[in-house]
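Chains as they are written, first to last, in the working numbering: chain A, 1 to 296; chain B, 1 to 316.
Please keep in mind that the hints were generated in silico from the structure rather than gathered at the bench.
It should be emphasised that the depicted structure is a prediction, and the values quoted were computed from it without experimental measurement.
Any given hint might turn out to be false.
Partial chain A-side listing against chain B, Cβ under 10 Å, derived [as the list claims (entries may be wrong)]:
| no. | residue |
| --- | --- |
| 1 | ASN4 |
| 2 | SER17 |
| 3 | LEU20 |
| 4 | ILE23 |
| 5 | THR99 |
| 6 | ARG259 |
| 7 | ARG281 |
| 8 | PRO285 |
C-beta: ideal position from N, C-alpha, C; glycine also.
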Amino acid sequence: MKVNPIYHQESKASARSFKLPMIVLLFNCVLAVVALLDMYSMITQVRLTAEIQYSSFLGLYVFVAAVEFVLLLFIIPGLTGGSISGERERQTLDLMLTTRLTAADIVFGKLAAGLSTVFLLIVSSFPILSLVFIYGGVTMPDVGLLLLCYVVTAVLVGSVGIFCSAALKRSTVATAAAYAVVLVLVAGTIMVSYLAEGFEEITTLAGSSGPVWPLYLLLCNPAVMFQSVLTGQVGNEEGMALLTPLVGRIRELDLLDGRWWECSMLVQIAMSGAFLWAAVRQVTPRSRRKKGTAGL
Amino acid sequence: MLRIENLKKVFGKTVALDGLNMLVQDGALYGFVGPNGAGKTTTIRTIIGLLTPDEGSVAVDGVYVEQSPRKVMSKIGYVPDSFGVYDNLKVSEYMEFFAACYGITGLKARKRSETLLEQVGLYDKADFYVEGLSRGMKQRLCLARALIHNPLFLIMDEPTAGLDPRTRYEFKEILKELCAQGKTILISSHILPELAEICTDIGVVDQGRMVFEGSMEEILSQINVSCPILISIAGDQSPALRILREHPQVETVSIRGDDILVGFGGDKKDEAALLQSLVEAGVQIYGFVRERRNLETVFMQITDHSGGEVVLSYEG
Chain A
1 MKVNPIYHQE SKASARSFKL PMIVLLFNCV LAVVALLDMY SMITQVRLTA EIQYSSFLGL
61 YVFVAAVEFV LLLFIIPGLT GGSISGERER QTLDLMLTTR LTAADIVFGK LAAGLSTVFL
121 LIVSSFPILS LVFIYGGVTM PDVGLLLLCY VVTAVLVGSV GIFCSAALKR STVATAAAYA
181 VVLVLVAGTI MVSYLAEGFE EITTLAGSSG PVWPLYLLLC NPAVMFQSVL TGQVGNEEGM
241 ALLTPLVGRI RELDLLDGRW WECSMLVQIA MSGAFLWAAV RQVTPRSRRK KGTAGL
Chain B
1 MLRIENLKKV FGKTVALDGL NMLVQDGALY GFVGPNGAGK TTTIRTIIGL LTPDEGSVAV
61 DGVYVEQSPR KVMSKIGYVP DSFGVYDNLK VSEYMEFFAA CYGITGLKAR KRSETLLEQV
121 GLYDKADFYV EGLSRGMKQR LCLARALIHN PLFLIMDEPT AGLDPRTRYE FKEILKELCA
181 QGKTILISSH ILPELAEICT DIGVVDQGRM VFEGSMEEIL SQINVSCPIL ISIAGDQSPA
241 LRILREHPQV ETVSIRGDDI LVGFGGDKKD EAALLQSLVE AGVQIYGFVR ERRNLETVFM
301 QITDHSGGEV VLSYEG
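Full structure from sequences and hints, please.
Right, dumping it as structure tokens:
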């Protein structure tokens, strides 16, 4: 099987570096500490009150999953934001473009290299996430769905990072831009939705119905997708309190026939595709661009 | 054969290439010379398909870059003015990575890599990290990398910049060897004497135009420069200028500080006669020398826009 040479080279270099084991160690340490502290507080509660609340064990699952999700959102732009701009700074991008590699090979090689680190993090954290199996309440398919949600998020955020890296010359600027875009996707869409909700309350009082469309913006939001998946699994837990009212509203309105997270995943996969297409177009030398093909 | 016709490229208000023409014959070691900002790198980047010309065409071995960039790329090995290396890879890994970029993998890639590393004298460094190589070694590694797919053409953008004399010498020897193996090499540089030593053909580019092109001998013989005479005068220059204006073989006279630069059409006897007439007129001369005719002189003359103050000029 032909392996993308960029992916092969990046994997080799990162496997050799000190950075990768450190990231895996720190990531899992943070998750483990959070999970064990949460567990400890639950057990202490049981000892004090002699009352077992099984829902709180689900809370552990939601809490650990949410922490992992937030950590991923922080790590991925850092991993991918400097990938192509770094090649440009080293002046190796031009060399690659004079070989048989296409711009698409470069972009997908870089994305695959970045995501392989992220997948390593996701897989390595699985034992911590599995703590919840001690008490039950969450099934393997539930965890599988959660991991799928992580993967879709990783691909979207990774694509954003790659796009910023392809579009901007300096790695620091590209990484900062990737964080900014992710912030807009996560916080920006929530803000717009809350503003629209407020506007709706006013218009409802005035006798007309308010707009629902801003809620559809949340389809682009990986955090809402994540919350929606969790809510479907464990009910309205307070994993991400800020999102609970919005997800509740989506469920209340029964938007997209209750298939919110499925649609959200599709939208985000499509967005990832768009970001990657734009990245390929940015990397392709103008002389090789053909309308609509972007050097693929 | 590499043929460039009427190449034009404008960046904003800057005209980088202004109708450049170039012809590099098969097997040539072509020196592409020009001052900084003349358009050398723009030309090279256009040849390798990283820039699109506003007008004109580039054909490598009969294939137009704009029509089939990938086909052209397979015929060209490119060495940029920077190293373009990965410090965290070993020398052999670096070579094999670029081999894979050209679709050469496995044993074939390893063998090709070993052969080239031997050719550039880095075989014993194959297991060293690139980070640990000297500047000269990195440059040789880049050369080996550019040859990994056995290209017909080798295009090098100021490859010897920043190298010490010994490394430059070794580098030139490798280029001569490659040329003897049948590679066509285009090398851009502003270190002119070096190019004069190794190049078979030369092209001088200035302000985006090819101002001279041909074999080394042709250039030296065709250029109608009549290397100027540098006359150093102590004191008043006006008597000397008066004599020079009246002299029939003086073509141009320029003043550079205390010196007068004279374009002179005569032979050695005429030079002696001119000197004698100046001395007899009481001009205090402490220097009278015909500048040496070499590539540096030619280049300076072609690309010198500031020059001195031209106070006299004759036609014919």
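Structure-based check of all given hints:
1. Taking 10 Å as the C-beta cut-off, the interface hint given for ASN4 of chain A holds, the closest approach to chain B being about 9 Å.
2. Given hint, SER17 of chain A at the interface with chain B, holds; its Cβ is 7 Å from that chain's nearest Cβ, closer than 10 Å.
3. A hinted interface residue such as LEU20 of chain A counts as satisfied when its beta carbon comes closer than 10 Å to some beta carbon of chain B; here the least separation is about 12 Å, so the hint is violated.
4. Because the smallest distance between the Cβ of ILE23 of chain A and any Cβ of chain B comes to about 16 Å, over 10 Å, the interface hint for this residue is violated.
5. Interface restraint check for THR99 of chain A: the shortest CB-CB distance to chain B comes to about 4 Å, inside 10 Å, so the restraint holds.
6. Hint status for ARG259 of chain A: violated, given a least beta-carbon distance of 43 Å to chain B, over 10 Å.
7. The closest approach between the C-beta of ARG281 of chain A and any C-beta of chain B is roughly 15 Å, which is over the 10 Å cut-off, so the hint fails.
8. Among the interface hints, the one on PRO285 of chain A holds; its C-beta lies about 5 Å from the nearest C-beta in chain B, closer than the 10 Å criterion.
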